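In the order they appear, the protein sequences are chains G and H.
In this text, residue positions in the first sequence follow our numbering: the first is 1, and each later residue adds one.
In this text, residue positions in the second sequence follow our numbering: the first is 1001, and each later residue adds one.
Hints in this document: simulated from the structure, not taken from any laboratory.
Quantities reported herein were computed from a predicted structural model and do not represent experimental measurements.
Watch out, some of these pointers could steer you wrong.
Unchecked claim - Cut-off 20 Å, straight-line C-alpha distance, at most; resulting in silico cross-link-like pairs (EDC-like, lysine to aspartate or glutamate):
#1 G:K225 to G:E214
#2 G:K280 to H:E1292
#3 H:K1085 to H:D1058
#4 H:K1004 to G:D184
#5 G:K159 to H:E1292
Unchecked claim - Pair by pair, the computed Cβ-Cβ distance ranges are:
#6 G:S29 to H:L1115: 34 to 40 Å
#7 H:V1214 to G:K8: 24 to 30 Å
#8 G:E219 to H:I1296: 39 to 45 Å
#9 H:D1075 to G:G161: 37 to 43 Å
#10 H:V1030 to G:L175: 32 to 38 Å
#11 G:P171 to H:L1251: 33 to 39 Å
#12 H:W1304 to G:K8: 53 to 59 Å
#13 H:L1251 to G:L59: 35 to 41 Å
#14 G:N270 to H:G1143: 52 to 58 Å
#15 G:G228 to H:G1217: 37 to 43 Å
#16 G:K8 to H:L1251: 49 to 55 Å
#17 H:S1191 to G:L175: 37 to 43 Å
#18 H:G1143 to G:L163: 41 to 47 Å
#19 G:L59 to H:A1015: 35 to 41 Å
Cβ coordinates follow ideal geometry from the N, Cα and C atoms, glycine included.
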Amino acid sequence: MLVKFITKRLLMMIPVMLGITFISFVIISLAPGNILTSLKMNPYISQHTIALMEQAYGLNKPLLVRYGLWLWQVLHLNLGTSIYYHAPVLSLILSRAMNTLILSVSAIVVSWLFALPFGIIAGIKEQSLFDRTAGVLNYIGISIPSFFLAFLLLLFAAKTGVLPTGGTTSPLYGLLSPADKVYDRFIHLIMPVTALAVPQIASYARLIRVNIIEVKRSEFVTAAKARGVNSRRVVYLHILKNALNPFITLAGYDFAGLLGGAALVETILNLQGLGTLLLKAVMSMDVFLIMGDILIGAGMLLLGNLIADIVLIYIDPRIKSQA
Amino acid sequence: MPMKTRRRSIALAAAAVLALFYLSAIFAPVVAPYSYLTQNRSFPDEPPTAVHITFTRDGRTVLTRPYVYRYVLADIHSETYTEVKTARYPLEFFTRGKLFSVRGAPIHLLGTDALGRDYFSRLVYGGRISLFIGLIGAGISFGIGILIGTLSGYIGGIVDTGIMRLTEIIMSLPTFYLLLTLAVIIPPGVSSGTTFLLIIVILSFIGWAGFARVIRGMVLSLKERDFVNASRAYGDSTWGIIRKQLVPNLLSYTIVSITLSIPGYIISESALSMLGLGIREPDVSWGNMLSEATNIEALTTRPWMLASGICIVVTILCLNIVGDYLRSALDPHDYR
């Protein structure tokens, strides 16, 4: 049954991916100029060379044919060659995707580690001092965009010198021992993860709190209390279990937002990731690199949603019966 | 003070701050002491002009009307400035068509940028773009969302299925990646007005899908209600039912959602402009003012260049407070 569900979902991903890549392809071709525009301005490059390059990259063919050719390449696990970097798109992306993935996943983990206790305590001890203080902090947290937080952290790091001011690793990373390498990576992750996690913590904690309060007032909790179930058991077994289900789906969907936020934070803190790669690609109109980046980004997003749905099936019996 | 009253006064205060921001943006030529374009290259990176209200006479501190000193560039390499304490220049309010100004000396409340442009004036003019992109963008997305959502929900069938698949595709796009890709369509060298419109179109293109889905859900439940059946039995057309029965019922949700979705548009615009893909120099928005701050040295020596970021945060905070207040005021089942 689960296999059938997963197969169905994977099959549904195909038209969505086709739609996404086609829309992106059309958009890119709507943009004025292409990667050869700047080369055409160069008097040292002859018209003949330009024509040859157009031929080689298929830039002189109609839109649908170009999309078809690109798709054919992708089906053969070849994302094409980046004209800007003179390197295969796939290897470029793989070298960067790991950094972005580490950043996003750490941000998700950190967000939940903080948001769960905050949201749960605030929800259970509604209107207490803790709840009110957390409420004010949450308001500020959801209102600070992560890119601005990145600026503030950068300023803090530069003024105090306790953290490295950006970058994925230190300049001498290659010379470090394995243990030092891990430490070096970790210390470079603190700023971007904080910048990404703080707004998430605030918004999750708020949602968790509201959900807990809502479940707390539902009839089955009153019934459990009336039956004399002790209050600790009510909290753990009845309230938490029912209040937290929706958040698994949310975590899957928020992966997308994180990828976007990560792109900005990467730029500000000068990290090597998919976001900075895409920005370079967009700036230089490197079509295959843009398409590859979008393909991988959308793929990670859809997979994130799928994983969230699968986890949900295991947790929520109501969904299991439907699937 | 009871909880309700306090929440209302906080929401009112937030609304007042928003009104102040929007009014300053609308009346930018009056509020800003200079134009956002005026360069003064002999005074680059000047620190904020200190406004004094006291001075010392015969060893005693005397209170006086606000005044400033003139600044001179003391060292050109480290760009340090000192105040010339020989003459005081009083602030004048509501003269020469400006909210405030100083005769005989410059006033830079937030200092100047590398080209000697007044940062405060740029902030006020920048608000025009950042604040209104949010408002108009959210408005347009919602307009499209409400139209397509009601049609989808009310007509149902194949139209509904088609529209819902389309929204699913748009919603599963990695938004920021798409935004970057879309921003390439904006050709370099178009006027700022065109860029402004294009950014709005781009943001609305992504934004309508989420609204349309929620509206559709609400319409699905509304259309089974008696008053809609009555209207149908009365012979009203589909369009008439949508306009007269459905849309008014969606209004309170719409107002709240628009308020709460403006921050997203403001953030997207500033992010794009910060990366150099949105509003470009010499035009100004809160986002492109921040792009200068990506230079660590500039950021640490002149941290006040984050002022536009602080304006973004304050605007978003106020919008969230007002939006949340409206939501709980309009929703009887709200516990927040």
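Going down the list of hints, with the structure as the test:
Restraint check for G:K225 and G:E214: the C-alpha separation of about 16 Å stays at or below 20 Å, so the hint holds. Proposed proximity of G:K280 and H:E1292 is supported: the alpha carbons are some 18 Å apart, at most 20 Å. A C-alpha spacing of about 16 Å is found between H:K1085 and H:D1058, which places the hinted pair at or below 20 Å, so the restraint holds. Of the pairs offered as hints, the one joining H:K1004 and G:D184 is violated, with about 50 Å between alpha carbons and a cut-off of 20 Å exceeded.
Between G:K159 and H:E1292 the alpha-carbon distance is near 18 Å, which keeps this suggested pair within the 20 Å criterion. Roughly 37 Å separates the CB atoms of G:S29 and H:L1115, a value that falls within the hinted 34 to 40 Å. At roughly 25 Å, the beta carbons of H:V1214 and G:K8 sit within the given window of 24 to 30 Å. Our hint of 39 to 45 Å for G:E219 and H:I1296 is violated, since their Cβ atoms are close to 57 Å apart.
At about 25 Å, the CB distance of H:D1075 to G:G161 disagrees with the hint of 37 to 43 Å. The hint said 32 to 38 Å for the Cβ distance between H:V1030 and G:L175, and at roughly 60 Å that hint is violated. Taking the beta carbon of each, G:P171 and H:L1251 are about 58 Å apart, not inside 33 to 39 Å as hinted. At about 56 Å, the CB distance of H:W1304 to G:K8 agrees with the hint of 53 to 59 Å.
Taking the beta carbon of each, H:L1251 and G:L59 are about 50 Å apart, not inside 35 to 41 Å as hinted. At roughly 40 Å, the beta-carbon separation of G:N270 and H:G1143 lies outside the given 52 to 58 Å, and the hint is violated. Checking the proposed 37 to 43 Å range against G:G228 and H:G1217 shows it holds: the Cβ atoms sit about 39 Å from each other. In this structure the supplied range 49 to 55 Å is violated for G:K8 paired with H:L1251, their Cβ-Cβ distance being about 38 Å.
The supplied range of 37 to 43 Å is broken by H:S1191 and G:L175, whose beta-carbon atoms lie about 52 Å from each other. Between H:G1143 and G:L163 the C-beta distance comes to about 45 Å, which sits within the given range of 41 to 47 Å. Between G:L59 and H:A1015 the beta carbon distance is about 53 Å. The supplied range of 35 to 41 Å is therefore violated.
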